[in-house]
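Engineer: So the protein sequences, as listed, match chains X and U.
When you line the first sequence up against numbering that gives the first Met the number 0, it's residues 0 to 660, in that order.
When you line the second sequence up against numbering that gives the first Met the number 0, it's residues 0 to 289, in that order.
These aren't lab readings, by the way, just hints derived from the structure by calculation.
Source: prediction; values computed, not measured.
Using N, Cα and C, we set each Cβ at its ideal position, and we do this for glycine too.
A hint or two may mislead.
[As the list claims (entries may be wrong)] Capping the alpha-carbon separation at 20 Å, the derived lysine to any residue pairs in SDA-like fashion look like this: (1) U:Lys234 x U:Ser46; (2) U:Lys196 x X:Glu109; (3) X:Lys132 x U:Tyr166; (4) X:Lys254 x X:Glu285; (5) U:Lys200 x X:Ile321; (6) U:Lys200 x X:Glu285; (7) X:Lys300 x X:Ile321; (8) X:Lys132 x U:Arg237; (9) X:Lys132 x U:Tyr167; (10) U:Lys196 x X:Ser106.
[Stated by the list, open to error] A few chain X positions that, by computed beta-carbon distances, are all more than 10 Å from chain U: (11) Asp82; (12) Lys163; (13) Ile216; (14) Leu313; (15) Arg488.
Letter by letter, the chains look like this.
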Amino acid sequence: MKKRLILSLGLLFLLFSIGSLLSIVYSYKITQDLKTVINLHRVEIIRQNLVINLQTVQSNLYTTGTVFGKELDVIVDNVAALDNSIRSCSGCHHSKEMTARLKDISSTIEQYEDAISYLITTTANQERIERLKMVAVGIGDILLHKTQEMSFIANKRLNEKTLKAIDAINKSRVILFITLIIAFFIALLIAFALTHQITRPVSRLVKAARAIAAGEIGYQTDYRDSTEFGELAESFNTMSLSLKEKQERMLHYVKQLTGLYNMTLSFYRLKDMDEVFGRLCMEIAELLDANQVELFLNDRKKGDFISHQAAYGLKVREPLSIPDNKVKSLFNLFRGEPIVSNDPDEIEGLSPILRGGEKNILVSWLSRKERLLGFIKVADKDEDFSEEDARLLTILSGHIAVAMENSELYKSLERQMIELREAQEQLIQAAKLAAIGELAANVAHEINNPLTSIIGFVELMKEYDDIELIKNRLEIIEHESIRARDIVRELLNFARKRPLQLSDVDINSILREVSLLTGTQAKSARVQIIEEYGEIPKMIGDPNQLKQVFVNLINNAIHAMPEGGRLEIKTSRIDEEISIIFKDTGTGIPADILPRIFEPFFTTKREKGTGLGLSISYRIIEDHGGRIDVESEEGKGTTFIIRLPVINPAFKEKFDRIKRG
Amino acid sequence: MKVFLNLIILLSIIFPPVVSGQEEILIGLIPEENIFRQMDRHRPLASYLSRKLGVNVRLTILSRYGDIVDSFVSRRMDGAFFGVFTSVLAMERLGVEPVVRPVNLDGSSTSQAYIFVRKGSGINGIRDMKGRRIAFVDRATATGYLYLIALLRENGISNLDSFFREYYFTGSHDASVHAVMDNRADIGIAKGRVFRKLSEKDPLIKNELVILFRSPEFPDTTLCLKKDMPESLKKRIRDTLLNMDRDRDGVEVLKALGAIRFMPATRDDFKAFFDVAKKAGIDIRNYRYR
Numbered sequence: 000m001k002k003r004l005i006l007s008l009g010l011l012f013l014l015f016s017i018g019s020l021l022s023i024v025y026s027y028k029i030t031q032d033l034k035t036v037i038n039l040h041r042v043e044i045i046r047q048n049l050v051i052n053l054q055t056v057q058s059n060l061y062t063t064g065t066v067f068g069k070e071l072d073v074i075v076d077n078v079a080a081l082d083n084s085i086r087s088c089s090g091c092h093h094s095k096e097m098t099a100r101l102k103d104i105s106s107t108i109e110q111y112e113d114a115i116s117y118l119i120t121t122t123a124n125q126e127r128i129e130r131l132k133m134v135a136v137g138i139g140d141i142l143l144h145k146t147q148e149m150s151f152i153a154n155k156r157l158n159e160k161t162l163k164a165i166d167a168i169n170k171s172r173v174i175l176f177i178t179l180i181i182a183f184f185i186a187l188l189i190a191f192a193l194t195h196q197i198t199r200p201v202s203r204l205v206k207a208a209r210a211i212a213a214g215e216i217g218y219q220t221d222y223r224d225s226t227e228f229g230e231l232a233e234s235f236n237t238m239s240l241s242l243k244e245k246q247e248r249m250l251h252y253v254k255q256l257t258g259l260y261n262m263t264l265s266f267y268r269l270k271d272m273d274e275v276f277g278r279l280c281m282e283i284a285e286l287l288d289a290n291q292v293e294l295f296l297n298d299r300k301k302g303d304f305i306s307h308q309a310a311y312g313l314k315v316r317e318p319l320s321i322p323d324n325k326v327k328s329l330f331n332l333f334r335g336e337p338i339v340s341n342d343p344d345e346i347e348g349l350s351p352i353l354r355g356g357e358k359n360i361l362v363s364w365l366s367r368k369e370r371l372l373g374f375i376k377v378a379d380k381d382e383d384f385s386e387e388d389a390r391l392l393t394i395l396s397g398h399i400a401v402a403m404e405n406s407e408l409y410k411s412l413e414r415q416m417i418e419l420r421e422a423q424e425q426l427i428q429a430a431k432l433a434a435i436g437e438l439a440a441n442v443a444h445e446i447n448n449p450l451t452s453i454i455g456f457v458e459l460m461k462e463y464d465d466i467e468l469i470k471n472r473l474e475i476i477e478h479e480s481i482r483a484r485d486i487v488r489e490l491l492n493f494a495r496k497r498p499l500q501l502s503d504v505d506i507n508s509i510l511r512e513v514s515l516l517t518g519t520q521a522k523s524a525r526v527q528i529i530e531e532y533g534e535i536p537k538m539i540g541d542p543n544q545l546k547q548v549f550v551n552l553i554n555n556a557i558h559a560m561p562e563g564g565r566l567e568i569k570t571s572r573i574d575e576e577i578s579i580i581f582k583d584t585g586t587g588i589p590a591d592i593l594p595r596i597f598e599p600f601f602t603t604k605r606e607k608g609t610g611l612g613l614s615i616s617y618r619i620i621e622d623h624g625g626r627i628d629v630e631s632e633e634g635k636g637t638t639f640i641i642r643l644p645v646i647n648p649a650f651k652e653k654f655d656r657i658k659r660g
Numbered sequence: 000m001k002v003f004l005n006l007i008i009l010l011s012i013i014f015p016p017v018v019s020g021q022e023e024i025l026i027g028l029i030p031e032e033n034i035f036r037q038m039d040r041h042r043p044l045a046s047y048l049s050r051k052l053g054v055n056v057r058l059t060i061l062s063r064y065g066d067i068v069d070s071f072v073s074r075r076m077d078g079a080f081f082g083v084f085t086s087v088l089a090m091e092r093l094g095v096e097p098v099v100r101p102v103n104l105d106g107s108s109t110s111q112a113y114i115f116v117r118k119g120s121g122i123n124g125i126r127d128m129k130g131r132r133i134a135f136v137d138r139a140t141a142t143g144y145l146y147l148i149a150l151l152r153e154n155g156i157s158n159l160d161s162f163f164r165e166y167y168f169t170g171s172h173d174a175s176v177h178a179v180m181d182n183r184a185d186i187g188i189a190k191g192r193v194f195r196k197l198s199e200k201d202p203l204i205k206n207e208l209v210i211l212f213r214s215p216e217f218p219d220t221t222l223c224l225k226k227d228m229p230e231s232l233k234k235r236i237r238d239t240l241l242n243m244d245r246d247r248d249g250v251e252v253l254k255a256l257g258a259i260r261f262m263p264a265t266r267d268d269f270k271a272f273f274d275v276a277k278k279a280g281i282d283i284r285n286y287r288y289r
């Protein structure tokens, strides 16, 4: 292409050089012709000057000796001008005829000068003077005649030359015009051809580039030639192919990684690996383009490695059991590295894990903390297994091993959690029973009063005849019985061990019930309970558990005031929280033990408490999404502040689910 | 001071000093030959002097030899190239001073008068001239008139009207030669230098004319300057002309003039002329040349 460019530009340059040369030649010719014409015109002017000068001299001659006669110096100047005219004329003509004529005129002028000089200088009689004058005038006339004749010739020549020059100019104009047109069209043709040669491959390459940009990776242009464009097209095709290969490889990697990611991700969501083994085998086969995937796991009890029922592409699905020592010797032989074999029969010791007929095999170990959990056997890949396949399977095996271990750990944790929960529940129940124990005396006293009334009224009624009076007394007995029954029911409700029961809870109502249960105890301890319940919304919670908390806090307060005192119970809404305050005027809690009061089994009432009351209260409030704060000053009293969210998202979701059934 | 002087010298070289009070120098020419050629010959010299002196030098030609003495005064000429006779007339009557004269191409600075006739005219001596036509140059020329008058007087002839059939004055030396050549006169008298020059140009002259008498040598054309011209200017003109042959431009000008250089001229150079004038019986002071 470079050569073509140089050639084309060279051709254009040559063309314009020829055009320029022609222009110069014709311009020169025209200029020369015009010069000739101008010269001829100049000659005509010179000739006219000659005639004028001659006529001036002639008039000088005629007036010599008259009053019109000029000074001799003037005449001399006029003749000198005449002489100069003829000299300048002689300087430019070269044609033979003209030169001869000019020579003749020159010689005549000389004679004329002589004659004039004689006339001027001669002193003689009038007759001679007149004769001399006539001679001079005669020569002057001849000179005029000759000049006129020359003028005629010059004019003729001028006309000829002018016509010739005009003709030449016209011809030159036509030739130049034609040259210009031809040159223009040839240049246009060259430019067109050159542009076509450049734009055609460029547009093809642009098309190819656009195809690639549009995602058509691997696009091949069919443009071929021997120029640089051809080379470029070839390089472009190579680049496109390479791009395609790289993209395919990249997509392959992405696919592998995605597969790997999806597989491993599923492991960590699962508690039981058995659930995924089936799908896992299929996905491994897909990932590595293999036709057979089998999983062997170590049976802890037997010690052998047994093929898992989840496998992919097995012709014979009978379980295969391989002795522990054979598997471990293979593991040790390969130092835990994966086994890659495209001809499995050649490897000694591999036979126990072969089912026979495997074209190629890839084995990756499932080991964790030096414990061999099992291995994955991938076989019958259409192509050979590569190191890359081995690397991929090793990564996957690592994840599977971790997932298996996690699964085991999870199962173990789950077991422990269940045990822990059971223990906790037992503890709560124990604490509750302890609280009930405390309540029991009060409850007994509380029940005793109605019972005493009932017994008293029953005794009296035995003696009543008036049925109306008996009815009246029976109403009192009924009322007192119901009261006793309610107290017992409340106690039973409280004491009953039951799971979390969520419902719409009115904190104020619960507090009233608790107050009822603990009222007698407070009274006997000379504790005045002051209740100030604000306007608070209902919330979702377990009323029984909350009741347990409130009973615990009131009991603690009563115990903290052995000499009696005052317990203020207040509720209010602060923003999105319900605040419940228990403020006593008791002994207070020493600052050094204040931070420990919510710890389990921590108690200051050795003989009375279990040390679980506050810690369980703390957990219950936490479960409700709230918190308990405590402020205490020794000798002045303690304030417990419970803050519960109006809406606890976890409970709300659970409650909604329960409501939906 | 030295710097100032140097500056003046430098300026004087760049701008040649203009002659004080002199706007133009007018030099007269005698019609020694064809007046146009005479002017042509002297024009380069005028230009040369103009350049050298820093003042315009203008030429003027006269139609008559004798006119130059009157015209010198009437036209306020500053100098003139006089012939030998007119030089003497001007020296005597106007007090002009001879300055230089050209040395001709042949090395001479003098000229003779030739008396010539056509071959076969039958004129061989003074006596044969009787009843013939004669063409003089001018009454105020030594080589075109005075010498023949002196000869005639020596031969006892003093009345021209009765001796010649016709006599007239051509005004210039070449015109006299041509007058005889053209048979407008039988006898002619002219300056030898002019005669030789014409003969060289036109061989017919040599073939058809025969010289009967040659005069003694007279000083050739002499440049005389007016009496009251400042001496400094006279000196500069003289020096310029005398040194011309050492200057390339000057040599060219001399060539056009038909000379090789100029030489100094003095009154003593005119001694030969006085002898002839005496023989011709002419009293210079009272001579009527018209």
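Engineer: With reference to the structure, classify each hint as holding or not holding.
Structural biologist: Now the hints, each set against the structure:
Between the alpha carbons of Lys234 of chain U and Ser46 of chain U the distance comes to roughly 18 Å, so the proposed pair stays at or under 20 Å and holds. Only pairs whose Cα atoms come within 20 Å are accepted, and Lys196 of chain U paired with Glu109 of chain X is accepted, the gap being roughly 16 Å. The suggested pairing of Lys132 of chain X with Tyr166 of chain U holds, with an alpha-carbon distance near 18 Å, which does not exceed 20 Å. Restraint check for Lys254 of chain X and Glu285 of chain X: the C-alpha separation of about 10 Å stays at or below 20 Å, so the hint holds.
Restraint check for Lys200 of chain U and Ile321 of chain X: the C-alpha separation of about 152 Å exceeds 20 Å, so the hint is violated. Taken as a hint, the Lys200 of chain U and Glu285 of chain X pair is broken in the structure, with Cα atoms around 132 Å apart against an allowance of 20 Å. About 14 Å separates the Cα atoms of Lys300 of chain X and Ile321 of chain X, which keeps this hinted pair within 20 Å; it holds. Between Lys132 of chain X and Arg237 of chain U the CA atoms are separated by roughly 40 Å; this puts the pair beyond 20 Å, and the hint is violated.
Taken as a hint, the Lys132 of chain X and Tyr167 of chain U pair is honoured in the structure, with Cα atoms around 15 Å apart against an allowance of 20 Å. Between Lys196 of chain U and Ser106 of chain X the CA atoms are separated by roughly 18 Å; this keeps the pair inside 20 Å, and the hint holds. A beta-carbon of chain U comes within 10 Å of the beta-carbon of Asp82 of chain X; the shortest separation is about 7 Å. Here Lys163 of chain X stays apart from chain U, with its beta-carbon at least about 39 Å from theirs, past the 10 Å limit.
Look at Ile216 of chain X: its CB is around 91 Å from the nearest CB on chain U, clear of 10 Å, so calling it non-interface holds up. For Leu313 of chain X, the shortest C-beta to C-beta distance to chain U comes to about 127 Å, beyond the 10 Å cut-off, and the non-interface label holds. The claim that Arg488 of chain X is not at the interface with chain U holds, since no C-beta of that chain comes within 10 Å of its own (minimum 147 Å).
Hint compliance for this structure: hints 5, 6, 8 and 11 are broken, all remaining hints hold.
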